[in-house]
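K.L.:
The residues making up each chain are set out below.
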Amino acid sequence: MEASPRVLDVKDVTKTFGSLSVLKRLSLSCGSGEVVLLVGANGAGKSTLLRVIAGLARPDSGSVTRATMRIGFLSHHLFLYGRLSVRENIKLFASVQRASEWNELVSRLELSKVVDRPLSELSKGMQARVGIARAFLGDPELILLDEPTSNLDEKGTSLLLGEIERRRSEGDARSTFLIATHDLHRMAPIATRVVVLADGNVVADSGADASREIISRVLDRYREVNR
Amino acid sequence: MIRWLRTLGVLIQKEWRLEWRSKELFTLLACNAVLFSVLVGAGVSSAVLDVATAEKIYPMLLWVVFMLSSTTSVTRFNEQELEGRGFEGLLLSGVSGAQMYLAKVVVMTLFFSVSFVLLVLLLALSLDKDVSGILGSLCIVGIGASSALASLLALLAAVASTSKLKGILLPIISLPVLFPVFLCGMEMTMELVLNGALNEGTPWPIILLCAETLYMVAGINLFEMAIKE
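Chains as they are written, first to last, in the working numbering: chain L, 1093 to 1319; chain H, 326 to 554.
If you're looking for bench data, these hints aren't it; they were derived computationally from the structure.
Heads up, some of the hints might be wrong.
In the BS3-like style, the derived pairs of lysine-lysine whose C-alpha atoms are separated by at most 30 Å in a straight line are [to be verified]: (1) L/LYS1183 / H/LYS454; (2) H/LYS491 / L/LYS1216; (3) H/LYS489 / H/LYS553; (4) L/LYS1216 / H/LYS553; (5) H/LYS454 / L/LYS1216; (6) L/LYS1103 / H/LYS491; (7) L/LYS1205 / H/LYS348; (8) L/LYS1116 / H/LYS491; (9) H/LYS491 / H/LYS553.
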């Protein structure tokens, strides 16, 4: 089988905060169209790795090579403005990205009823949906999701999963996903690869296009270690 | 280039909307302007200064009050960027630090200019000074100084925004660096008050322009570094 073109190449990345070493010479590569689950205990370095990949944090050493500049990132921070309405927020990011599909995205994520309300007045779950809309704007080729289901209810989660599925099945260029999560129950079924992080490094990797069986085995091993 | 300018326009609109919703900067500027003017007016009247002396110290008082009120008012200007970390979303969307910085400078300049005009009138009222003949020229000087002030404060507010001591830190780090603006503004105002117009060959507008250019070059190049982790 022909290997998919590389979208991301992380090489020997180190990141420290004061005396705390969060990433220790970590390396990871991802091909186009992969859905990679990043799993690991709290403090394993998942969020920091995603921030470094997104270019929002500078690595102390090592390199991050991205084949695309179109990156979507959903993090604990929504990267939105609480005082602006949902429409103003989405339009702002759509305008700077020249993305025209924001209206469809808003209706697919069922935000139409709250579109004129200030973001800060919405529930955490609805705010998270607006964050998803922002992250998926402009057809990003690389989508980084940090604990995407942490504030979402069942409905929100199914809308997110639907949006991910849509990006994987539609269009010529399939998006690549890196998803840091503890919600294995809901996210594992869509994964094509699982990477386990511990103490700032990769300790297990199912490999690209892994079978369900291999993914389950890696996740079982991870659960065992963290029990 | 047109695309770059369009994005800048979108960001200016965003800054304006954010400030319009909270009115924090304008409220602080207006309150400080009124407060400082009343204090200065009360101080001068209790010192029983004659009209001629009060007229001579008007330019100095105007610029001291303007500098203090501006530097103490901008401490919360970046709060809304930090609350939801909207600036990181913009950086991810391909917006450059330079565009974000320039949008802030434009909006800050606007608010500082309005605050300057307010101060000119309030202080004139407090010191019983007639400025109607030089108001237009004073406004032009004020707009020039406001844009220089905004060029530096937009950068320094970003530098100080992550500090717990930003309320104190910003005036402390900005006031010494703003000295050229203070000096230029004061000297030009003095010329206007004494002669009714700027002297031919006066060096102060050029010095102000140089200071502004320096602040702006620093801001355009360093803003992204200042806000990034």
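K.L.:
Is it true that the CA of H/LYS489 sits at most 30 Å from the CA of H/LYS553?
P.N.:
holds (17 Å)
K.L.:
Run the distance test for L/LYS1103 versus H/LYS491: straight-line Cα separation, threshold 30 Å.
P.N.:
Violated, because 37 Å separates the two Cα atoms, which is more than 30 Å.
K.L.:
Can you confirm whether the C-alpha distance between L/LYS1216 and H/LYS553 stays at or below 30 Å?
P.N.:
It holds: about 25 Å lies between the C-alpha atoms, which stays within 30 Å.
K.L.:
Checking one constraint from the list: CA of L/LYS1205 to CA of H/LYS348, max 30 Å. Satisfied?
P.N.:
holds (27 Å)
K.L.:
Take the C-alpha atoms of L/LYS1183 and H/LYS454, compute the straight-line distance between them, and say whether it is at most 30 Å.
P.N.:
Roughly 49 Å between the alpha carbons, so the hint for L/LYS1183 and H/LYS454 is violated.
K.L.:
Regarding the pair H/LYS491 and H/LYS553, is the alpha-carbon distance no greater than 30 Å?
P.N.:
With a Cα-Cα distance of about 17 Å, the restraint between H/LYS491 and H/LYS553 holds, given a limit of 30 Å.
K.L.:
Does the alpha-carbon distance linking H/LYS491 and L/LYS1216 stay inside the 30 Å limit?
P.N.:
Between H/LYS491 and L/LYS1216 the Cα gap is close to 29 Å, so the pair holds against 30 Å.
K.L.:
With a cut-off of 30 Å on the C-alpha distance, tell me whether H/LYS454 and L/LYS1216 pass.
P.N.:
This hinted pair is violated, its Cα atoms lying about 55 Å apart.
K.L.:
Against the 30 Å threshold, does the CA-CA distance of L/LYS1116 and H/LYS491 hold or violate the hint?
P.N.:
With a Cα-Cα distance of about 33 Å, the restraint between L/LYS1116 and H/LYS491 is violated, given a limit of 30 Å.
Against the hints set out earlier in the document, violations occur for numbers 1, 5, 6 and 8.
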